[in-house]
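Residue numbers (the numbering used here), protein chains in the order written: chain A, 14 to 291; chain B, -10 to 241.
Keep in mind that the hints were calculated from the coordinates and are not lab data.
Small disclaimer: the values here were computed from a predicted structure and weren't measured.
Treat the hints with care, as some may be off.
With a cut-off of at most 27 Å between alpha-carbon atoms, the simulated DSSO-like pairs for lysine-lysine come out as follows [claimed, not checked]:
1. A:Lys189 <-> A:Lys172
2. B:Lys137 <-> B:Lys119
3. B:Lys31 <-> B:Lys84
4. B:Lys128 <-> B:Lys184
5. A:Lys189 <-> B:Lys84
6. A:Lys189 <-> B:Lys108
7. B:Lys31 <-> B:Lys6
8. B:Lys119 <-> B:Lys31
9. A:Lys172 <-> B:Lys137
10. B:Lys84 <-> B:Lys137
11. B:Lys84 <-> B:Lys175
12. B:Lys175 <-> B:Lys128
13. B:Lys137 <-> B:Lys175
14. B:Lys6 <-> A:Lys189
15. B:Lys175 <-> B:Lys197
16. A:Lys172 <-> B:Lys6
17. A:Lys172 <-> B:Lys84
18. B:Lys119 <-> B:Lys108
Stretch-level coverage of chain B by chain A, calculated; a stretch enters the list once three of its residues show a Cβ under 8 Å from a Cβ in chain A [to be verified]:
19. 94 to 103
20. 150 to 164
21. 197 to 206
For glycine and all other residues, C-beta sits at the position ideal for the given N, C-alpha and C.
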Amino acid sequence: MRLDPRVSQALIKALLWTLTGFTLLILIVIIVNISVEGLPRVSLGFLTQEPHDMGRSGGIFSTVVATAYITLLAIAVATPLGVGTAIYLTEYTRESWMTRLIRFGAECLAGVPSIILGLFGFVLFVLKLGFGWSVLSGGLTLAIMVLPIIIRTSEEAIKAVPEDYRVVCSSLGLSKWQTITHIVLPSALPGITTGVMLSVGRSLGETAVLLFTAGAALRTPVSLFDSGRTMAVHFYILAREGLSMPNAYGTAAVLMFSILFINLAAYGLMQRLMRRFS
Amino acid sequence: MEQPPKIRIDGLSFWYKDFQALDQLSLEIYPHEIFGLMGPAKSGKSTLLKVLNRLSDLIPEARLEGRVYVDGQDILGPETDVVALRRRVGLVLSKPVPLPRSIYENLVLAPRLAGRPPKELPALAEEALKAARLWDEVKDRLHDSALKLSGGQQQRLCLARTLAMQPEIILLDEPTSGLDPISTAKIEETLFQLKARYTIILVSNNTKQIARATDRTAFLLMGRLIEVGETSQVFTVPRDRRTDDYISGRFG
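Chain A on its own, in the form it takes in the complex (with noise of 0.2 Å):
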């Protein structure tokens, strides 16, 4: 038996209407959920206090900091890494089994488990170059976490600049490099900034790598051989040993809510750059 096709066109419409819905209506319960819970407990007080016994009463503040450095820290690390990368990938060689080799360990650094390179990170930063548990030692680890997405992602965005830009540049006696910067990197942003803010997203939520190399110190971080808890610890540890479930949705919401802002500022501020390139 065949469907009437229009019939057939409205049931497929109505089934990838239900599935998309399904998926945001998760993504809803997970924010409805985490704000109910923890919104309450957010306050000035609880982002500029430090914690006091153990987390059960008290803020957050020093797992501001920590993340915040930690996440900076390791952003800062691996952008210039990846990106130069793909530069390099997609600017400097033709495809060869070279290119292919590195683009194929970059995809298998992407499929380590967090666990495993968390043990990776304590035994050689921790451990091996004795930077012990420490912003240093975190900040690193992320950024070998972080590099595959912000290859991949700064990759395709410079080979989604078309070809014909650079033709032109080579033509008006611009050299490779002024071309790279003038005309690619520029056109590239917005898709290298994504790659970056995923980066970001995923660097705030990491717990496992940060269990092994940067440590659960309560203290604020200050050097950067300091031991540093970031809020996504903070919120394992204070579920996890039942200290305080408040205070564990709380920071949830924080967290939650910093990676909403920082994308959206990224989006902002894409939005200028993009005004003022075309």
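Mind docking chain B on chain A? Use the hints.
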């Protein structure tokens, strides 16, 4: 012609992977002339332009033989500064590709990166736009995106962009293919004025344009030079029957 040639092409052959685009081509082009290149598709006209400013370097798996001299200096040798060469030999590609910037930025990007003092740039841009007959249409919106221009305007912008570099040689690949007859006539008029300062090579599929606008003409066929001479002679008493067939529209 007593003066030494501006460009001397000596036994130039060019291959794209398996396809031979130029075959043992030799030509001399003199300073301050407008030199026309005509021929049917795949005759090697555009390839020749790309070799002259080494844009051919960007084509993967291509190879070439022979020599090209600009002012007596071999430009195909490994010691040639390709970036400096391209500033001297400007190429306007047949497909207009404005960069995703403002009209003004399109014009001054290359001169600025070549080290021209910033205070010279606005005058440079204005002069180039006037020469390319675009000034009146865009003078009030120089800082709008170049991508918003119409096809014909983009083509003139690309010409202006090359003029703003103030090269010594200008290579034009179908500069008027998308333009109406009035703009075309204006561009041809511009070329006559530019001749005093530049050496110009004009590639066109439009034989009438070659006849109108050039001093000397070469006819290429499948990468080979069939005939070269004064334009008036090539068009009135061609020496080769194939040239005659081409300009009278019997093939091509």
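| request: Quick one: which hint numbers does this structure break? Sort them smallest to largest. | output: As far as the earlier hints go, 8 and 21 are violated by this structure, in ascending order.
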